[in-house]
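*Asks:* Sequence:
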Amino acid sequence: MPIKYRLVLRKDMTKGAAAGSKLYYAVNKSTGTCDFEELCDQIADRSTASRGDVQVVVDGLLYILKQRLQKGETVQLGDLGHFQAVIGSKGTKLESDFNASLIKRPRIVFRPSVTLKSVTGLAKFEKIVPDAPAPGGGDSESPDEI
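For the sequence shown, counting from 1, position 84 maps to 84 in the UniProt record's numbering; every step adds exactly one.
Keep in mind the hints are simulated off the structure, nothing from the lab. Everything numeric in this text was worked out from a predicted model, so none of it was measured. Incorrect hints may have been included.
Capping the alpha-carbon separation at 27 Å, the derived lysine-lysine pairs in BS3-like fashion look like this [to be verified]:
id, residue 1, residue 2
1, 15, 90
2, 93, 104
3, 4, 124
4, 93, 66
5, 29, 127
6, 117, 4
7, 22, 4
8, 127, 117
9, 104, 71
10, 104, 66
11, 29, 117
12, 127, 22
13, 29, 124
14, 90, 66
15, 117, 66
16, 127, 104
17, 71, 90
18, 22, 11
19, 29, 11
20, 127, 11
21, 4, 127
Estimated spans, in silico, between C-beta atoms of each pair [unchecked claim]:
id, residue 1, residue 2, range
22, 118, 24, 24 to 34 Å
23, 67, 16, 43 to 53 Å
24, 9, 31, 16 to 26 Å
Quick reminder that beta carbons are idealized off the backbone N, C-alpha and C, glycines included.
When you get a sec, could you build the whole thing from the sequences and use the hints?
*Replies:* Laid out in structure tokens, this is it:
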């Protein structure tokens with residue numbers, strides 16, 4: 001199934017672009033959401049585990065992920081990829097001027113494995129064509145219609 005996209009007009013961010021110039025860029029459009037229950041059902045259908053078993057395992061994974069990431073560890077999940085807490089900070093000219101208050105709040109980063117990344121190489125794309133409004137139609141609220 002192709003990844004659907006639409007075009008949006010945005011400021012030209014290329015180096016040396018003229019002030020005020022704009023370009024069209026592709027923005028992907030989600031075709032839906034697979035919620036947690038549906039995900040657990042699909043995993044259960046592919047294994048001997050029940051939906052409840054899958055939910056318990058995923059809940060356990062979340063619990064362990066939180067513990068390990070708070071310790072500063074990277075959590076490797078096989079062919080899925082790995083999770084890691086990363087930080088950034090404001091800089092100082094002198095090392096002696098630096099203190100922990102300059103560190104920004106950590107964020108969690110997921111890095112997919114080579115196996116998971118390979119899906120992107122197979123991607124196909126489909127442009128979404130916006131519906132054109134009917135000529136002379138529409139739901140305007142002009143004073144003549146109220």
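*Asks:* List in ascending order the numbers of the hints, as given earlier, that are violated by the structure.
*Replies:* Of the numbered hints, 4, 16 do not hold.
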